[in-house]
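Enquirer: Let the hints inform the model, and build the full structure from the sequences given.
The residues making up each chain are set out below.
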Amino acid sequence: MKIIFGTLLSAVFSVAALGQVPFERIVNADKEPGNWMTYSRDLSGHRFSPLKEITTENVGNLKVQWAFQFPNDASETSPLVVDEVMYITGPNWAAALDVHTGRRLWSWNRAIPKDYHSIGFGLVSRGPTVLDDKLYVATMDCYLVALDLKSGAEIWSSKVGDYKLGYSMTVAPLAIDGKIVVGVSGGEAGIRGFLDAYDAKTGKRAWRFWTIPGPGEPGNETWDGDSWKTGGAPTWVTGAYDPELKLVYWGVGNPGPDWDGEVRKGDNLYSCSFVALEAETGKLRWYFQFTPHDTHDWDAAHTPVLFNAKIDGRERKLIASANRNAFYYVLDRETGEFIAGQPYAKETWASGLDPKGKPIKLPDSDPKEKGTLVWPNMNGATVWFSQSYSPETGLFYVAVREIGSRYFKRESRYKPGTLFVAGGEDELPPDDVWGEIRALEATTGDTKWIFKLQSPPWAGVLSTAGGLVFSGSDEGNFYALDARTGKALWDFQTGGTIAANPISFTVNGKQRIAISANRVLYVFGF
Amino acid sequence: MTPCLARGTLPDILQNFRVLRRVTILLAKMLRLIVAVGLLLPLAVIVTLAGQAKTKKQTATADAAAGKKLFEEHCALCHGIDGRGGRGPSLNRVHLTHAADDEALKGVIMDGIAPNMPQGWYFDDDDVANLVAFVRSLSKVRPDPIPGDVTRGASVYVKSGCSGCHILDGAGTGYGPDLTAIGERRRASFLQQVISKPPAALPEDFLLVKATTPAGETVQGIRVNEDSFTIQIKDPSGRYHSFRKDELTELKKLRGETPMPSFEGILSATEIQDLVAYLASQRGKP
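The listed protein sequences correspond, in order, to chains A and B.
Numbers 1 to 526, taken from my numbering, label the letters of the first sequence in order.
Numbers 1 to 286, taken from my numbering, label the letters of the second sequence in order.
Quick caveat, the hints were computed from the structure, so don't treat them as lab data.
Bear in mind that the values here come from a model prediction, so they are computed numbers and not experimental data.
Among the chain B residues that face chain A by a calculated CB cut under 10 Å, a handful are:
(1) Ile-81
(2) Gly-85
(3) Ala-114
(4) Glu-226
(5) Asp-227
(6) Phe-229
No more than 27 Å apart at the CA atoms, straight line, and that leaves these computed lysine-lysine pairs for DSSO-like:
(7) Lys-487(A) <-> Lys-210(B)
(8) Lys-246(A) <-> Lys-31(A)
(9) Lys-346(A) <-> Lys-245(B)
(10) Lys-245(B) <-> Lys-448(A)
(11) Lys-252(B) <-> Lys-452(A)
(12) Lys-164(A) <-> Lys-69(B)
Even for Gly, the Cβ is constructed at its ideal location relative to N, Cα and C.
Expert: What follows is the structure, encoded as structure tokens:
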């Protein structure tokens, strides 16, 4: 009896010490599919929900259950749902909502300094992260803030970067064991990029990985002269984590200035790469550069998707991504070795990939004074919004932007805290471009089906065990497709451009789907 | 240099300080001269000089070419290299949504539009004026020589039944584009082409479509809106139709086609010239 009591007591104490969401709950997210406890629901970046109450048969009956109006336009937030409370963010703002009604429980905000300037992007926040008893929010003025999960009270804040130099944060942080990993925006402001990890309890920085190596470090020689100092390589989209390998996987953004490669000759490591970092130290284990010496603003700004599958009869630990440069890649996530890759969208800049996965660049695809027509355009064949992997279908779903543009190169001078891009683009007219949801065979990138959209999308994809794929259009449609065939089964006009990622969760055991559309967060269900 | 110290960067502020210092020294020298000579003449000189400086500032012409360079460096990322739009809206329009006049446009450039357009805090007054000049030049119609007669053109407009499809100064039917300020938006050569060979000069984003329903009904008209699942069409009577695309038997996009007839052969060359002159004179109401 004493032993049982003692065990119970220690269990109570350990819960109290760890708080509501110990890391184990996030690692074992599949055990509680009614919650959505990290950016992609699981640490593998799948954005797949095991819930199956909403199916291909009944999805046509979905109705709005409640809606919430954000204080800001153009919401890109990906909400979290933990124990029937929803957590959302906006620029320097966070709130907890009652998941039954959408009523606000608490909200928090931090004034954006008057001399803050967003350089090359809008004022957005892509969501919070949760660990133990705290909610973590990244701010525009580049602070990581820890809030009390129950009350929204600020517990600590840590300065991540200097906004006066163009560092900013729009990213949803990623909680790993005991640490909060957070990346920066600023690829159009001549920053020197990095990825940071902070102690979740104290806010003290645990490590920093510079995405542009300094003098004497391997890779610094891939930057001409002093160009490494202002080379960009931001880390503005949430990564993934393998708790067994204890590796953090993160996408690195474009080199700067974006369109003038002449002033930064070389491959410009680790811009446009995935990096695998040791969770304990931030030490680089491997990297894979998708677009060496990029001159089109093709950040590898994607959440890496981790899955295991048989390749040539051998079970492999894989990492996959549909890259902004229009190629889909499958790599070994233990080593970074290239396994497979091919285009998944129209592209006119490379004839293919060599055996190591390096693009075979076509001549005359760099921006010029008089313009160079290249597909895809600067926002890429896909960009920051979510890709999804369904273990049920073995398919990889991606929202595709079929759009080309004329790229122009111009002079540019680096001036701290201002735009540093050296050019621009001229997009093809709206009726010459379009969008798609594509289902790819996850291990090869072969296209299984295509669903066509009116215009290039800005919304992410969610797949579910109910055999469905959810996403949104730029024209405001939120819709469901059959995950196996791509057939449209349901759609709803939200009235606002959708530039966010959908999630799924339960309320009193009933499945719900949520999406932000401009100023409104909609929650659908039966 | 910016006269507003609060906005200036450190070098700007130093620059302002230097200017102020120079002005102060100059004034002090002049005051000493007034005292020494004991005449009012130098005061008149000061007043005149100040007046000249003011006039010079007011009449200084903004440099659209300098504005273009700044635009390409700071604005093209979102508005496109030539202002035709991209992530941000197109700016090659007479009426800008957030800038009714040049002063308002200056404000937009300096203050931005939350959440997507950043502030141009680092531009000085000349930069902003040059940017405004360039942005306004994007929608300026280069004048063509117009040989036609405006008064006769007005009669041709009436006689040809243009108001059956167009509204001009509030009169007519709003099927085709509103012609009230067409002279601000289109060059005479473009107008000439539209009247003679309409398909060769279609407005941007214009699309004629033909929808066929399962009942066999066809609706042909101008697409007013389209999303991934539905389309809205305006027919020649001005009636709006909304369809779910997957419920139509056929949806034909008649690219390069227009309901506007060619007036070549119907009107004489002189009549077309007169009509062009009349339309080109339509500059809208102040």
